[in-house]
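First residue of the first sequence: 0, per numbering that gives the first Met the number 0; consecutive thereafter.
Read the hints as simulated data drawn from the structure, not as lab findings.
With a straight-line Cα cutoff of 30 Å, these simulated BS3-like cross-link-like pairs (lysine-lysine) come out:
no.	residue 1	residue 2
1	Lys477	Lys506
2	Lys25	Lys101
3	Lys396	Lys377
4	Lys210	Lys260
5	Lys19	Lys477
6	Lys27	Lys477
Simulated restraints, written as ranges between beta carbons of each label pair:
no.	residue 1	residue 2	range
7	Ile221	Gly522	48 to 56 Å
8	Asp49	Gly111	44 to 52 Å
9	Gly522	Lys136	42 to 50 Å
Positions of the beta carbon are idealized from the N, C-alpha and C atoms, including for glycine.
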Amino acid sequence: MSREEICRILEEIALLLELKDENPFKIKAYRGGAETVSNYPDDIIQLARDQQLKGIKGIGEALQEKLHELVTTGKLEFYEKLRAEFPSTLFAIFDLQGLGPKKVKILHRDLGINSIEDLKKACTEGKIADLAGFGKKTQENILLSIAQREQSAGVFRLSAVASIVAHFTHLLREHPDVHQVSVCGSYRRGKETVGDLDFLVATSFPADLTKFFVTFPGIEQILAQGDTKASVMLADGLQCDMRAVANTQFPFALQYFTGSKEHNVALRQLALQKGWSLNEYAFTQVRDDAEPLPIVHEERDIYTALGLQFVPPELRENRGELEAASKQELPRLIELANLRGTFHNHTTESDGKNLLEEMAAAAMDAGLQYLGIADHSKSSFQANGLHEDRLLRQVEKIRALNVEYTPFRLFAGSEVDILKDGTLDFSDEILAQLDYCVASVHASFTLSEEEMTARIIRAMENPHVTMIGHLTGRLLLKRNGYAVNHAKIIDAAAATRTIIELNCNPKRLDMDWRWWHRARDKGVLCSINPDAHHADQLQFLHYGAIQARKGWLRKEDVVNTMSLDKMAAFLATPKAQR
DNA sequence: GCCGTTTTCGGCCCGACTGTTTTCAGTCG
0 MSREEICRIL EEIALLLELK DENPFKIKAY RGGAETVSNY PDDIIQLARD QQLKGIKGIG
60 EALQEKLHEL VTTGKLEFYE KLRAEFPSTL FAIFDLQGLG PKKVKILHRD LGINSIEDLK
120 KACTEGKIAD LAGFGKKTQE NILLSIAQRE QSAGVFRLSA VASIVAHFTH LLREHPDVHQ
180 VSVCGSYRRG KETVGDLDFL VATSFPADLT KFFVTFPGIE QILAQGDTKA SVMLADGLQC
240 DMRAVANTQF PFALQYFTGS KEHNVALRQL ALQKGWSLNE YAFTQVRDDA EPLPIVHEER
300 DIYTALGLQF VPPELRENRG ELEAASKQEL PRLIELANLR GTFHNHTTES DGKNLLEEMA
360 AAAMDAGLQY LGIADHSKSS FQANGLHEDR LLRQVEKIRA LNVEYTPFRL FAGSEVDILK
420 DGTLDFSDEI LAQLDYCVAS VHASFTLSEE EMTARIIRAM ENPHVTMIGH LTGRLLLKRN
480 GYAVNHAKII DAAAATRTII ELNCNPKRLD MDWRWWHRAR DKGVLCSINP DAHHADQLQF
540 LHYGAIQARK GWLRKEDVVN TMSLDKMAAF LATPKAQR
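With the sequences and hints as input, model every part of the structure.
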């Protein structure tokens, strides 16, 4: 039983207890237990097996016993009994925005609703509006939520499939008859979400490879299996395809299956101009007066043959990359290794899981020169936001630690709430004592686009606001961002010299990559920030680099590529003169 | 269900917003 499975079961218990109207603090205890299990820095499975969980904060006697039962028997009687009381399809309803345990319980009890399908039917039949505590508006909102969910069904966040990609790629690479392996498709292009995974292998024995592929762990159903292609469905609904080609075909297949479709269509048109046809296997001559066929050893040679610069996969979205490549004007894209530090990180002082010192140690381990600490401000109650006195004490502590940490450096900041009217949660006098500040919206999401845009612009006009955090507040596949006029925000950012964050928490990836090219052209700087609530989450910078590349950003467009000296000088310069 | 220089019970995160009500319950961050 894996750590993830245990967490899922504890979370599910919490939901079930909510349905049963249990003591909310008991529910909280199960959630806390899941959190502890997920973040525990040691082998908590082994500790549970050896009954050595005593003393771990958040795991009391009851959870100690339950975890022991889970890891030794693979089952938990308490959970099985609880689960038998409700249909499993009921859980999906909790994912809908606006529906919590109380409402779900009423729907289940009074209308016998057991699934999203039942719920949708009841809504369209107008049965929901008559329920006590519900109304017409609620009914409409539920239908909206369902529509949004349907839109994103069978779609996964990039980070959610990363481990499957690594695992399957590894298994394929280990096979003795495989020469080359790559994942293709939207995953290779670094799209924020993917619908399926495409694996490509070069081999002389394709049929053996498709046979091998369908034996991979976690496969629930084999959708198709032929001599060169296999298609499978994993238990979580993720479809994985594998294609096997000859070694000489590999570069063509890699290019073809990476896409995007629109990029490929444009590329094939270029080939036709030279008298060649391009498909997933080769160039072929289609006109007598065609130029001689090029020799292709690797993917790059295809682009070269067409008179193009190599187009990195992240840019292959048919958004001007071929035109730029034909003029040799593609930007030299930023790389993860260019990052020297990062801002917007939390500690246990607000809702982070690691101490200030632990976050600093993780940053040093990651090879960073500096780390910005930006805990929540007081209005974010739910996140244990800091009042002025706690903030100033933290600043003092950071200054003291910096003496010891030299040449590494902590920057003292705050993730200050942008209040409903665009003013900030801290006064200018307080903000002036910080090295920087990230200003973010955490409440009043339902303002009109005009109001929300004005609200954020007002915050940017504050000389102490260094950068705007998670611009739209979106949670990928879960919640749309609040209404913001990106173009106006970008213009205001340029005018006020305010940095825009690329929040690289894989659930957010906000501001969206589609806007960065425009921001860059207006001279707006980007800060790639993990929004880390745990020391391990500094690794999110990896996703930030990918999204920045998708947004055509170069090293010079991203502030946290600056060396420590330059960064310190930059922050010390008044905002208007940066 | 967890926790404890108030240690075996009593407290545990608080406020805004929405949609339902006619003073508030449910949900969310």
